[in-house]
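Asks: Given next are the chains, with one letter for each unit.
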Amino acid sequence: AQSVTQLDSQVPVFEEAPVELRCNYSSSVSVYLFWYVQYPNQGLQLLLKYLSGSTLVKGINGFEAEFNKSQTSFHLRKPSVHISDTAEYFCAVSDQGAQKLVFGQGTRLTINP
Amino acid sequence: KAGVTQTPRYLIKTRGQQVTLSCSPISGHRSVSWYQQTPGQGLQFLFEYFSETQRNKGNFPGRFSGRQFSNSRSEMNVSTLELGDSALYLCASRTPGSSYEQYFGPGTRLTVT
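Note that the protein sequences, when read in sequence, are chains A and B.
First residue of the first sequence? That's 102 in the numbering used here, and the numbers climb one at a time after it.
First residue of the second sequence? That's 61 in the numbering used here, and the numbers climb one at a time after it.
Derived by calculation from the structure, the hints in this document are not laboratory data.
Bear in mind the structure is a predicted one, so any value in this text is a computation, not a measurement.
One or more of the hints may lead you astray.
One side only, chain B facing chain A, incomplete, derived with CB under 7 Å [said to hold, decoys possible]:
#1 99
#2 102
#3 103
#4 105
#5 108
#6 115
#7 116
#8 150
#9 160
#10 164
#11 166
#12 167
With a straight-line cut-off of 16 Å between C-alpha atoms, the simulated EDC-like cross-links for lysine to aspartate or glutamate are [stated by the list, open to error]:
#13 A:150 - A:165
#14 B:117 - B:135
#15 A:159 - A:121
#16 B:117 - A:167
#17 A:150 - A:167
#18 A:150 - B:161
Note that CB positions come from ideal geometry on N, CA and C, so glycine has one too.
My request is simple: use the sequences and hints to build the entire structure.
Replies: Have a look at this one:
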């Protein structure tokens, strides 16, 4: 079985500052990794995914994430955040045979002007 | 291409009643998954349907059930509602092939009183 730990429940940052949202996963098999964003009163939108290949993955809205197999991590980063990035971010894992996503508890990103 | 649609968006039911939620996937997507989102438990997988067959099921009681129709539309049903069933229910459809990328609908907010 897989599990996902998002190390910070809330992350406040100032506008135009860099941000890193941390995600660690546990799995005995090879996995696919995802980051989703949820804006208030909306569903989930895929930011980026890691399936295989390059460990640095670029996504939408200027976000990127790095897969580190030895540390079982998949941290999300953005070099300069904007007010519009205020949302909840979810890290998720899926094993390569299953059809379901296992989510972390989410990180609420708050951008202060 | 239209996204995943869910109806209704909001629903208020009384304890003991039953409820049916509907999900229409993106055109061409044959896999539909359901997730429950609550503040306490986070995002949890309910079940996944593909070509009218349930392929995977999460750890929920039998009061939670679902089905998929030949046009890939899916419904989930919760019988004998409990207060703890109050949640945002999200539906996701998946792209064909092996990308495992799921597209989420806006959700149905169920409140049980």
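Asks: All hints, please: hold or fail.
Replies: Going down the list of hints, with the structure as the test:
1. For residue 99 (chain B), the shortest C-beta to C-beta distance to chain A is roughly 10 Å, which exceeds 7 Å, and the interface hint is violated.
2. A distance limit of 7 Å between C-beta atoms decides the matter here; for residue 102 (chain B) the minimum to chain A is near 5 Å, and the interface restraint holds.
3. Annotation: residue 103 (chain B) was flagged as interfacial toward chain A, and the flag holds, the nearest CB pair being 4 Å apart, inside 7 Å.
4. Hint status for residue 105 (chain B) relative to chain A: holds, with the closest Cβ pair at about 4 Å, below 7 Å.
5. Proximity of residue 108 (chain B) to chain A holds as hinted, the smallest CB-CB distance being about 5 Å (cut-off 7 Å).
6. Evaluation of the residue 115 (chain B) hint against chain A yields a held restraint, the C-beta minimum of about 6 Å falling below 7 Å.
7. Hint status for residue 116 (chain B): holds, given a least beta-carbon distance of 5 Å to chain A, under 7 Å.
8. Taken as an interface hint, residue 150 (chain B) checks out: its beta carbon lies about 6 Å from the nearest beta carbon of chain A, inside 7 Å.
9. Interface hint at residue 160 (chain B): satisfied, since its Cβ lies 5 Å from the closest Cβ of chain A, which is below the 7 Å cut-off.
10. Because the closest C-beta pair between residue 164 (chain B) and chain A is about 4 Å apart, less than 7 Å, the hint holds.
11. Taking 7 Å as the C-beta cut-off, the interface hint given for residue 166 (chain B) holds, the closest approach to chain A being about 5 Å.
12. Here the hint on residue 167 (chain B) is kept, as its CB sits about 5 Å from the closest CB of chain A, short of 7 Å.
13. With a CA separation close to 9 Å, the supplied pair residue 150 (chain A) and residue 165 (chain A) stays within the 16 Å bound.
14. A threshold of 16 Å between alpha carbons decides the hint, and for residue 117 (chain B) with residue 135 (chain B) the separation of about 15 Å falls inside it, so the pair holds.
15. About 14 Å separates the Cα atoms of residue 159 (chain A) and residue 121 (chain A), which keeps this hinted pair within 16 Å; it holds.
16. Taking the CA atoms of residue 117 (chain B) and residue 167 (chain A), the gap is about 30 Å. The hint is violated against a cut of 16 Å.
17. Distance hint between residue 150 (chain A) and residue 167 (chain A) is fulfilled; the C-alpha atoms sit about 10 Å from each other, no more than 16 Å.
18. Taken as a hint, the residue 150 (chain A) and residue 161 (chain B) pair is honoured in the structure, with Cα atoms around 8 Å apart against an allowance of 16 Å.
In summary, the structure is inconsistent with hints 1 and 16 from the numbered list given earlier, while agreeing with the others.
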